[in-house]
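Colleague: Make one complex out of these two single chains by using the hints.
What follows is each chain in one-letter form.
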Amino acid sequence: MSANAIRANPTGGFPASKVLWTIVGWLVVLVFFFPVLWMWLEAFKTEPQAASSPPTIFFVPTLLEFQEVMSGDFPPFFINSAIASLGSTLLVLVLGLPAAYALAIRPVKRTQDVLFFFISTRFLPFAASLVPLYLLARDLHLLDNIFALTLIYTTINLPLGVWLLRSFLLEIPHDLFEAARVDGASFLTELVRIVVPLIAPGIAATSLICLIFSWNEFFYAVNFTSSTAATAPVFLVGFISGRGLFYAKLAAAATLASLPVLLAGWVAQKQLIRGLTMGAVK
Amino acid sequence: MIAVSKNGGVRGPTAASVARRDAWLRRLPLLPAFVYVILVTQIPFALTVYYSFFSWNLLKDNSFKFAGLENYARLLTDESIRIAVWNTVLLTIAVIAISVVLGLAVASLLNSEVFGKGFMRTLMIAPFLIMPTAGALIWKDTLLNPLFGLLPYLLAPFGLGRVDWVNQYPMVSVVTVEVWRWTPFMMLIILAGLQSQNPEVLEAARVDGATAFQAFRRITLPLVRPFIELGALLGSLFVVQTFDSIFMLTHGGPGEDTTNIPFLLYLVAFQGFNIGQASAIGVVAVILTTIIATVALRTLFSIFQVEARR
Numbered sequence: 001m002s003a004n005a006i007r008a009n010p011t012g013g014f015p016a017s018k019v020l021w022t023i024v025g026w027l028v029v030l031v032f033f034f035p036v037l038w039m040w041l042e043a044f045k046t047e048p049q050a051a052s053s054p055p056t057i058f059f060v061p062t063l064l065e066f067q068e069v070m071s072g073d074f075p076p077f078f079i080n081s082a083i084a085s086l087g088s089t090l091l092v093l094v095l096g097l098p099a100a101y102a103l104a105i106r107p108v109k110r111t112q113d114v115l116f117f118f119i120s121t122r123f124l125p126f127a128a129s130l131v132p133l134y135l136l137a138r139d140l141h142l143l144d145n146i147f148a149l150t151l152i153y154t155t156i157n158l159p160l161g162v163w164l165l166r167s168f169l170l171e172i173p174h175d176l177f178e179a180a181r182v183d184g185a186s187f188l189t190e191l192v193r194i195v196v197p198l199i200a201p202g203i204a205a206t207s208l209i210c211l212i213f214s215w216n217e218f219f220y221a222v223n224f225t226s227s228t229a230a231t232a233p234v235f236l237v238g239f240i241s242g243r244g245l246f247y248a249k250l251a252a253a254a255t256l257a258s259l260p261v262l263l264a265g266w267v268a269q270k271q272l273i274r275g276l277t278m279g280a281v282k
Numbered sequence: 001m002i003a004v005s006k007n008g009g010v011r012g013p014t015a016a017s018v019a020r021r022d023a024w025l026r027r028l029p030l031l032p033a034f035v036y037v038i039l040v041t042q043i044p045f046a047l048t049v050y051y052s053f054f055s056w057n058l059l060k061d062n063s064f065k066f067a068g069l070e071n072y073a074r075l076l077t078d079e080s081i082r083i084a085v086w087n088t089v090l091l092t093i094a095v096i097a098i099s100v101v102l103g104l105a106v107a108s109l110l111n112s113e114v115f116g117k118g119f120m121r122t123l124m125i126a127p128f129l130i131m132p133t134a135g136a137l138i139w140k141d142t143l144l145n146p147l148f149g150l151l152p153y154l155l156a157p158f159g160l161g162r163v164d165w166v167n168q169y170p171m172v173s174v175v176t177v178e179v180w181r182w183t184p185f186m187m188l189i190i191l192a193g194l195q196s197q198n199p200e201v202l203e204a205a206r207v208d209g210a211t212a213f214q215a216f217r218r219i220t221l222p223l224v225r226p227f228i229e230l231g232a233l234l235g236s237l238f239v240v241q242t243f244d245s246i247f248m249l250t251h252g253g254p255g256e257d258t259t260n261i262p263f264l265l266y267l268v269a270f271q272g273f274n275i276g277q278a279s280a281i282g283v284v285a286v287i288l289t290t291i292i293a294t295v296a297l298r299t300l301f302s303i304f305q306v307e308a309r310r
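Sequence order for the protein chains is A and B.
Read in the working numbering, the first sequence has 235 at position 235, and its numbers run on one by one without any break.
Read in the working numbering, the second sequence has 111 at position 111, and its numbers run on one by one without any break.
Careful: at least some of the hints might be erroneous.
[Unchecked claim] Interface residues of chain A toward chain B, partial, derived using beta-carbon atoms under 10 Å: (1) Phe33; (2) Phe126; (3) Ile172; (4) Leu176; (5) Val192; (6) Leu272.
[To be verified] Label-pair ranges, simulated between beta-carbon atoms: (7) Ser53(A) / Phe66(B): 56 to 62 Å; (8) Leu188(A) / Thr14(B): 27 to 33 Å; (9) Thr122(B) / Ser241(A): 30 to 36 Å.
Hints in this document: simulated from the structure, not taken from any laboratory.
Where a beta carbon is used, it is the ideal one built from N, C-alpha and C, also for glycine.
For reference, chain B alone in the conformation it holds in the complex (with noise of 0.2 Å):
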């Protein structure tokens, strides 16, 4: 840096325009990355703050006039909007916890001393990675169907033979889903939490007559704490958006019993085709998301300060 300023000096620019140049330089390869994402979700995100102070349909010709708050307004007043947030809330927290409780379970199982440990978790994982839609389809129409269902099979002798659960249970069925698929992803990242556990601790522990249980309290849980964490968050991120199993297993019913914000979202922008109501359903769904995702990247970012100064 420094011979390039003198040489810059000699040669004619002066120091302070070559270090410019410098500078632009070293950020030249981080622009198209950077105007590519602008592009594509900064200014489409100010077109839909401004048109949610618009009343505007498709289907209507003309129909594009100015409507100051009334987008807002109707999403205070709108029942169906107070059901989406609702769903929303309840999903999101159902899935999260049951699927760290179960994954924190799993995990355990596969850090401790088992045979097919590496098989276990290649079996474990499968779920996850199935196409969403696709899983969504097989618990439906294969599992939970009451006529040719198996579940409806291997619960009939407990009385539970003719449960249509999609329809009866929308909610649970939902749920069920969605921790099935969530649960592996809980469990690899607690996996590695567990894993990174330096085993002559709890040695010790036990050597100093803690219990199974004591020692895992006291020891591994908050060790594995922040994985946990970023586990949750990162997972709620996604559950926040869930769509695909919704769409398969309910189609946001029966009524409007799981509906979610972004099935609603659906419904009001390719359903009925309402641009202004649906961009006020967008800003309010980012100012939500905002507030999780910023805790979440706190935790994201101070994991990978504890790891710098390791």
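The shape of chain A in the complex, shown without the other chains (with noise of 0.2 Å):
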């Protein structure tokens, strides 16, 4: 891969031009990070600091704000975050591994079909079923309910689910399923012995995926909670009202919010790219 890059290089290899591309790179990709930086660097801050005209460049970084917002009400909105991304993606391995498996390796007539109905579920504007939705939650007394957003967020990614574990599925030569069969494997145990750990990458590209969408989701959250199931992303709104400047201990929260997937992601650059082009880039 790197010797790819090195050869593809347009600019035909000369020391110096390689010094004016990694100057207007680094430029580049300075200027799209900027404002991560630039959260981290407030959320060190007091708030006369976060709040001066002209911009507070030089400082002494404190950890009051981090302070301030980890004793403060935001735990149980990181807490209720934690539930529902973690409850939805085990949610989503448990019936998607069956339906991927059922599809790759035992395929019936209509796979493409089924795969196709599967798929194009995930594409359903939130528009297609919200109204009902809601007015179940609210008859069955589910709203601001933690297991009914946990619900919504598989949902979501369940199609997603089924199309990347298929991928990798596929990619498991078929004999060593007809070999576990012959032995007498049931079900069950050719699913957890043999599938499971083959396709560990593919689990932890799905689940990363999955993780992705539901920490950070949004509309169905500021929706269908208001206090005790309340997400993340819902905490953050408490800042719009701009009344009153507490700029640093939003970069404070801004930044604890994001932590769990910008980590994440960073780990595992490779199963996000799979992951987000469903399984098509390798």
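Modeller: As structure tokens, then:
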């Protein structure tokens, strides 16, 4: 890959142009990264420093605002986000793995249609089912309930999960499954003992994508929860009003709320690409 | 299969019934996910279609009554619907076009001979991973804010010091934040395409006297075109649903200047509690999205088929 990249150099490979393109590249990347960096810087300032004009560039970093956020009302929101994201990811794997297995290894008639149906539901706008789901949740007293939100996130991620897991399963040599079946392994044994270890990277990629989408999800969170089940993005809504200047606190909360997905995405960049392109790019 | 049928024939049940049982067993693992998806997406959608023919406001008791095509008629005449459709189209096309161009540029940079490629890519994908609500707030309050923001301060020498970006140029602000978020997405997909290129082809072209630009246009671009299409189509399916940044930055305003279909739906359903009208908007949104999604999925399937042929 690096050999490709080096030889595909459009500039001809002179050291001078290499330096030039490196500088251009870093400038562009830093422009894109700057808002994130600025968020971090603001988070380590005091409130007067964060809301000063001209902006404070040099300052002594303080953890004051992080402590403020963590000792305040933020933790329950964070925990709700964790429950909804991890819970829905787990459900996607439990429901999606057998389905993906059936579609990849034991194709039946109309497999392609079933697959198309699954994935098309991912792109159904939330407008399609929003009103009935809201009325149902209201009538069942499940508004502001974190498990109702978990089920909604499962719906959002399941189609992508089935699709992705299937694309990983297709890469496993068919003989392995045949061998297991001859040995008399039951379906569940086959799934747990053979399939799961073989597609561990696929499960990681699927989980990552599910986590990103459900952790960052806002539309259902803000409309289906109010207080007890509200998630981290809903906590940030409290900063919109603009009354009073809480920029440092806002930056600290935004940093903490973004951290899990940022770290997970950075650690698993390869899985990220595969997941975002629905398995099309390996 | 044949062995099973023969056994079945001896024991009693006919071959056909065993085959049917076998087919059901094959489908069984599919069933939980299938039933779940139908329960949570298809049945509610059917109800949405049903409600769209009724006039129903949750805030008024006993307001549920048949309205025929009234909700749809209002969609055609209501100014705010037209504005929302226009804003959705404008936002989607602007964000996708700009982020594809920028994404292609950054991907080309990262695919060339530069120092610190891996680290550059790591930093570059951060805007996509940051929680959208958090990113929008950071832009609004610490970068674009006319009093304390960094951008007006940096632009002051150019006479743009006191521009209130979010209020004076609301759509520009929303597009900027969304482009910032989606460029890394395009970059990742296009970079993967560039890296699948065989460098020897480019080298041969250079030997034959092609300039770098010619080689890029004639060789690289056709090769990464499917990846650009994939990125643009998948991206547009997400961008038509933009809600977070609009909610945080402009709340659809000023006036209705940045109200797109999802935000209008939010206003009608959760501020006005007008269930019938919201359902009609939902049905129209589904039709519009289905058109894009059909094209997107076809592209996706064709890429998979190309992969399979290799």
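Colleague: Hints first: check each against the structure and report whether it holds.
Modeller: We went through each hint and held it up to the structure:
{"no.": "1", "hint": "Phe33", "result": "holds, 4 Å"}
{"no.": "2", "hint": "Phe126", "result": "holds, 7 Å"}
{"no.": "3", "hint": "Ile172", "result": "violated, 15 Å"}
{"no.": "4", "hint": "Leu176", "result": "violated, 17 Å"}
{"no.": "5", "hint": "Val192", "result": "violated, 13 Å"}
{"no.": "6", "hint": "Leu272", "result": "holds, 7 Å"}
{"no.": "7", "hint": "Ser53(A) / Phe66(B): 56 to 62 Å", "result": "holds, 59 Å"}
{"no.": "8", "hint": "Leu188(A) / Thr14(B): 27 to 33 Å", "result": "holds, 29 Å"}
{"no.": "9", "hint": "Thr122(B) / Ser241(A): 30 to 36 Å", "result": "holds, 35 Å"}
Of the numbered hints stated above, those contradicted by the structure are hints 3, 4 and 5, listed in ascending order.
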